[in-house]
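Chains A and B are the protein sequences, given in the same order. Numbering-wise, the first sequence is residues 318 to 509 according to the working numbering. Numbering-wise, the second sequence is residues 931 to 1251 according to the working numbering.
It is worth saying that the hints were derived from the structure and are not from the lab. Mixed in with the good hints there might be a few duds.
Computed list of lysine-lysine pairs in BS3-like fashion (alpha-carbon distance at most 25 Å, straight line) [stated by the list, open to error]:
hint	chain 1	residue 1	chain 2	residue 2
1	B	LYS990	A	LYS415
2	B	LYS1247	B	LYS1226
3	A	LYS415	A	LYS468
4	B	LYS994	B	LYS1065
5	A	LYS468	B	LYS1247
6	B	LYS1065	A	LYS363
If you want the footprint, here are the derived chain A segments under chain B, 3+ residues with CB under 8 Å [to be verified]:
hint	region
7	355–362
8	382–393
Ideal Cβ placement from N, Cα and C applies to all residues, glycine included.
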Amino acid sequence: MTGTGTATLAASTAAHGFLSPTGVEIVFLLVGLVTLGAAVVTVTTKQLVHAALWLVVALGGLAVEYLLLTAEFIAWVQVLIYVGSVVVLLLFGLMLTKAPIGRSPDADSGNRWAALGVAVAAAAALVWVVADAFRTTWIGLDGDAPQGTTKVSGEILFRHWVLPFEALSVLLLAALVGAIVLSRKRGKEEKR
Amino acid sequence: MSDTLDVVLRLLAVFVVFLVLPLVIGQTEHKVMAHMQGRLGPMYAGGFHGWAQLVADGVKFAQKEDVVPAGADRRVFQLAPAVALLPYLLVLVAIPVGPGNAVGQIVDAGIFFVLAVMGVGVLGSLMAGWASANKFSLLGGLRTAAQLMAYELPMLLAAASVAMAAGTVSLPGIVDAFHWWWVPWQIVGAVVFFVAGLAELQRPPFDMPVADSEIIFGAYTEYTGLRFALFLLSEYAGIVVLCGLTTVLFLGGWHGPFGADGLGWVWTLLKTAVLAFVVIWLRVTYPRLREDQLQKLAWTVLIPLALAQIALTGVVKVVTQ
């Protein structure tokens, strides 16, 4: 990196110091804490349905974080898919298996330490990758062209990243077809 | 300072609409149903044709004891009505009633905001169904969840078709782009959207989750007093939101044959009212769909129709460009 580059980076870091946070940054941090707390309760509570409901709080908190980063489109899609569909599916499953009111002492898994290890490793890897990729880069959120509007997201997705997008669609389609094939096969065996 | 005042006034207006329109629709339902069935309906409360019947009902609900069953999950049980009602209030903020600034708050990705928040409301019914510790409530909750999962997809697809046609996902933007020939072009999507919305609200003929002859009142069986009233209110607020959304997305909102300047909001309200009348009409007309018929309608009729509508929209869009 050239000297001037370092100088501008340093200047921009100094202009947006970590010691004098703006209101949005404080809110971002607080919502992040709530999200983290809800996520921890989700995996530690012994009440199954409460876990699903705390998951709603965690996913909703994440949507608020997206909003604070001006990624409005991603935020609403987050609510639509995760809170509106995935959690409803979860609750449907829990009701179908008659999740009891109160504690379920047998809801513990023997894998909890392995799971903790995987979670910590994954979190460390993600934090390291993001921190290493951006370092002290400053992305202005309240400029002339907000980064997260539907228009910007759509243009980036369908111009620059259209191939990965289509590859992902094919992957999802394969999963869909696979699910149908699996469910139909079981139906035939039962008939015999 | 005037900005703050502006925001406060807008939110206040939305809140007043939220409190008044559901009651108006409820009263209309009383009277319309009665006349369709050869009765008079409420005639005494308030004097003139029983106009204050729902106010009296509200007072009655407020006086009742607020019971929480001994075996219930207390906190979830008490929280459920709020979760069911608040999303509709939020959605109302984003629905434009007139050209320009006549909207509570302009949301960039309006369609997504509206559909996402509406989906959250169903969580209230699920929480109520599970937390009541009652087998009828649990069955009602199960049916609610199954119904939501079946009808969310056609609703989204139909809305996506309009967004494609308009080239924007902002609600005022969609109404701005509207032309009269959109009505025949998008009519299939409109019907799919309206029917799926009815099913999401659990209105007859899609009221299997609250089928009184089988499971008493579904997820709301154990509720009394104000909390029960909140669930009822959320159903009528849902009708307002659904009819308003259908008007904005498919019927051109404030566009009308005349009086486009200044009187646009009258057209929006008029179209919404006609749709609300249709909702009531359907309740009186059709018998309740069985659970398997419900699922079959969603997966084998509505979703293919919605996909066909999207294909048609795409073709017309490409050809006319």
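Results of checking the hints against the structure:
As the CA atoms of LYS990 of chain B and LYS415 of chain A are separated by approximately 35 Å, the hinted pair breaks the 25 Å bound. The hinted pair formed by LYS1247 of chain B and LYS1226 of chain B fails the criterion: a straight-line CA distance of about 31 Å is larger than 25 Å. Of the supplied pair hints, the one linking LYS415 of chain A and LYS468 of chain A is violated, its CA atoms being roughly 44 Å apart against a limit of 25 Å. Taking the CA atoms of LYS994 of chain B and LYS1065 of chain B, the gap is near 24 Å; set against the 25 Å cutoff, the hint holds.
Note on LYS468 of chain A and LYS1247 of chain B: the hinted pairing holds, with a Cα-Cα distance of about 18 Å set against a maximum of 25 Å. A distance of roughly 22 Å separates the Cα atoms of LYS1065 of chain B and LYS363 of chain A; the hinted pair therefore holds under the 25 Å criterion. With 0 residues having a beta carbon nearer than 8 Å to a beta carbon of chain B, the region 355–362 of chain A misses the requirement of three or more and the stated coverage is violated. Against chain B, the region 382–393 of chain A contributes 3 residues with a C-beta closer than 8 Å to a partner C-beta. That satisfies the three-residue criterion, and the hint holds.
The structure shown violates the earlier hints numbered 1, 2, 3 and 7.
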